[in-house]
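Work out the full structure: start from the sequences and follow the hints.
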Amino acid sequence: MAHTHSQDPSGTLCPACEVEPFIRNHYFTGKLLMVGDFDTEQQYVMEKLRHHHQRLHGWGVVCGLLVKQHPNEGCRTKYVCVEPGTAIDCCGHEILVPEEECIDITQLPLIADLLRKGDQERRNLQICLRYRECPTEQIPVLYDECGCDETACAPNRILESYEIDVMERVAAPEDPQGWPQLTWHDSVTLLADVSRIALDEAGHRLYLLVGDDVYQVDTDTPIVGPNFHLPAQGLEVAVSPGGDFLYVAREPAAADPPGTPRQLVVLKTSNMTEVRTVAIDTAADNALRLEVASDKRLMVLVGTPGNVLIWTEAELTGGAAPPARVPITLSPQLGSLAIASDAGHAYAVGAGGTAIKVVNAAGAGSADPDLTPLPAAAKPSLIAVVRSTGPDLLAVADQAALLLYLVDPTKPAPLGSVALAHPPVDLAFSPGGRWAYVLERDATPAQDSFVQVVDLHQLQVGPTVAGSPLPVGKASQQEVIGADGGLLYIPYLGDPANAFDGGVAKLRIDTEDCADLLWKRSEHCPHCDTPDCVVLATLMNYQVGDSLRDVTVPPSSPAADMAAHITRIDNRLDRHLLASTQTLTELIECLMAHETGGGGLQGPVGPPGPPGGAGAKGDKGDKGDKGDKGDTVVGPAGPVGPGLEAGLTQIVALSWDHNTHGNPARPNPPIVDVARLAGSLLPEARTGIVIVFSKDVQVYDVPFTPGKPLNRLIDEDHVFQVLARPVSDIQDPFQLPCRCPVKGLVVPVAWKEPGGAIDWTTVQEVPGPGARGVAFVFEPRVRKWIDKVDELWPVLRGDFVLDVGDFAAGVPPRAIDAEFVRAELPTGDRPKGSPFGIQGGLFESWFWVRRQDA
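Taking the numbering used here, the leading residue of the sequence shown gets 1, the next gets one more, and so forth.
Don't read these hints as lab results, they were simulated from the structure.
Any given hint could be a false lead.
[What the hints assert, rightly or not] Okay, derived cross-link-like pairs now, DSSO-like style, lysine-lysine, Cα gap no bigger than 30 angstroms in a straight line:
1) Lys752 to Lys695
2) Lys78 to Lys68
3) Lys296 to Lys268
4) Lys708 to Lys695
5) Lys743 to Lys784
6) Lys48 to Lys31
7) Lys411 to Lys379
8) Lys48 to Lys78
9) Lys296 to Lys506
10) Lys411 to Lys296
11) Lys752 to Lys784
12) Lys506 to Lys268
13) Lys708 to Lys752
14) Lys708 to Lys743
15) Lys695 to Lys411
16) Lys68 to Lys117
17) Lys296 to Lys695
18) Lys743 to Lys695
These numbers were taken from a predicted model, which means no experiment stands behind them.
Structure (structure tokens):
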């Protein structure tokens, strides 16, 4: 066999790594060529090639070399198979594996030594590939100037080959290029044993919960401000969106009678004084979580019974006592709560089951049907909302299986999952939702803690791995990220043996500037002292005798694998790739094809983000002279300014297809028949076009009654018009296109919707005064030539179309949001179906009843 699988102890077959000076032969007539001359000739070419590989290409796996499980299940405790491929080590040696090979890892030095010792410890190992030179083809030496042995032999060839080895995984490599880099910034260590924190970034304040005290700390300076002393142990803390109020959950006081519930303390942050205390109906030792929604409502999760309580900020901070809340009951044993960006829903998970529990937060709130996208074996322990310009996603952590799932609430299965190094205890996300920062903590007495970074975009594309775990303060409790994604705050209790340890660590999050990458890499030449062993695959938590198997998608549970004595062959973890020029070219072309400028399709515009918060705190100016005391009378609140509004009535359907000829996409014709009411205003006209709204709009001021006066709010002369472009043979001599109003009547209509789709053959007039549909019905003489016109141009002036409002809920009638067609086109400023809109506007569309070429 031309290659070997064990390291040569003498090292004679592993060539040196240092690049030698380039020396080549100088030939001339009559030169005597000796062995050294031919060696110099070869050395020149070899050194040039190594230098080229090392300095211009780098090192890593070029292609192939996947390590996979043995096809025979009975051989998997000893064998793995390596596919053909190419790699270059850090010295520039080119390593070629020409054909697939299955190797017995128990014969490799490291595993053989573990077997000999009877070692049963779980270890992290790496399967690697090393460059070797093998002397071959022994032939007799005809002349040996150093001896007289006529039987001496020497190798006729040197085979450039390889060896496959196993080594200990010393440390995780650096994270991929472009990943955020976490570094220690500073710490708030004036206070020890910090269990929970709340951040008011606009007010430059951090609130620390330390035992039975709540402290206010300036985020810019290590100055501790006013504090509030609780009568009992504090459990949880949250701050209102405006930073005016602080919510603290605490245990009952020692002097309270048995059975006293836990309390919610509301504090005014300006002077850290108590506004009120509200009882939370919960027994001792319940998991308790406080979450504040974007609309300023406070949601309290009472974990053991699985209840959620909701109060508005005004209810908790106003003069009157807040109303008693009927708990929204989900299911027992919940431990984590997250609120959607629009505050319309909340999600909870816990030890009670695999399902994601859903709270419909509208009004007093209620329980919605569960979400069940997770595998049946999952045990979700932590949930958080990933916010971006698109719809919300959910990050769900499984503490037992050490997995992080990414979930779309509208999909039946996870978008992806990734294995974590330690049990997760909290989640934070970068602005835009690209990066997840997972806080992890071991269940050991020391409670070692770490932060791992996960690329959520890559997680949706395919299998990925989490970044290298970064050690943080022992017994870390929580993590809070700044609004700009630049700082991560982590409260920690510290070393249990040190009563004065603990505080709040502040980690700086740096994203790499790609523009500087070229200069950084060109400052120093790559260097390598000795030939390395190029990592092909990693075996995490390997125990001698384990079955070596491929990674599954989605990833299997590490805990379940260890219990079944299975070690997964991870070809991505620690493998360093060296892309060829062709691969890089294909990658660049792919990126260009998916960018708008490269001819690819533009993705849909995301929905509007939530309203912005208060602006950043400005620099403190010079103290001016004290002015006269002004009047204390507070004026009335001003009206709500213009802008996007939620819940506006919108156009949702048309009886025609915009900008089409003959409307081939619709099985029924765009000119629909309208069944008349008895005594209708309509004469014999019975055909027209229909616009459908999301809610009823006002067509008349009172229901239609034959013989009585009728005030039509949507008429055919001003509000709902249809313009027609005559056929070309009757246009004026100058060939100027003319669009003229068509005569007709506007009436409210209804229809049947079998299976949720509008049946346009069932449209009928209704008495009003309001309806979800409005029909423009053509006069009989117009209908006779409507099929011959070149173009119809419906126009609806949304400023004059009012919905019927909801007086029971205190919502007055509002003008509709008339945007419809623009939402279907790239020019639309809001996507179709967005809950946000602007009152009024002009709706315009056009279509041809006949084909344009007819």
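If you draw a straight line from the CA of Lys708 to the CA of Lys695, is it 30 angstroms or shorter?
It holds: about 27 angstroms lies between the C-alpha atoms, which stays within 30 angstroms.
Would you mind confirming whether the straight-line C-alpha gap from Lys752 to Lys695 stays at or under 30 angstroms?
16 angstroms, holds
Take a quick look at whether Lys411 and Lys379 sit within 30 angstroms of each other, Cα to Cα.
Holds, because 19 angstroms separates the two Cα atoms, which is no more than 30 angstroms.
Take a quick look at whether Lys296 and Lys506 sit within 30 angstroms of each other, Cα to Cα.
Given that 30 angstroms is the threshold and the Cα spacing comes to 27 angstroms, the pair holds.
Within 30 angstroms, alpha carbon to alpha carbon, are Lys48 and Lys78?
40 angstroms, violated
Just to be careful, I want the Cα atoms of Lys708 and Lys743 compared with a cutoff of 30 angstroms; is the pair within it?
23 angstroms, holds
Verify the proposed pairing of Lys752 with Lys784, using a straight-line Cα cut of 30 angstroms.
Holds. Lys752 to Lys784 sits at ~27 angstroms (cutoff 30 angstroms).
For the pair we were handed, Lys708 and Lys752, check the Cα-Cα distance against 30 angstroms.
This hinted pair holds, its Cα atoms lying about 29 angstroms apart.
Given pair status - Lys695, Lys743, alpha carbons within 30 angstroms:
27 angstroms, holds
Is the straight-line distance between the alpha-carbon of Lys411 and that of Lys296 30 angstroms or less?
29 angstroms, holds
Measure nothing beyond the straight line between the CA atoms of Lys296 and Lys268; if it is 30 angstroms or shorter, mark the hint as holding.
Since the Cα atoms of Lys296 and Lys268 sit roughly 15 angstroms apart, the hinted pair holds (cutoff 30 angstroms).
Please verify whether Lys68 and Lys117 have alpha carbons no more than 30 angstroms apart.
27 angstroms, holds
In this structure, only the earlier hint numbered 8 is contradicted, and the remaining ones agree with it.
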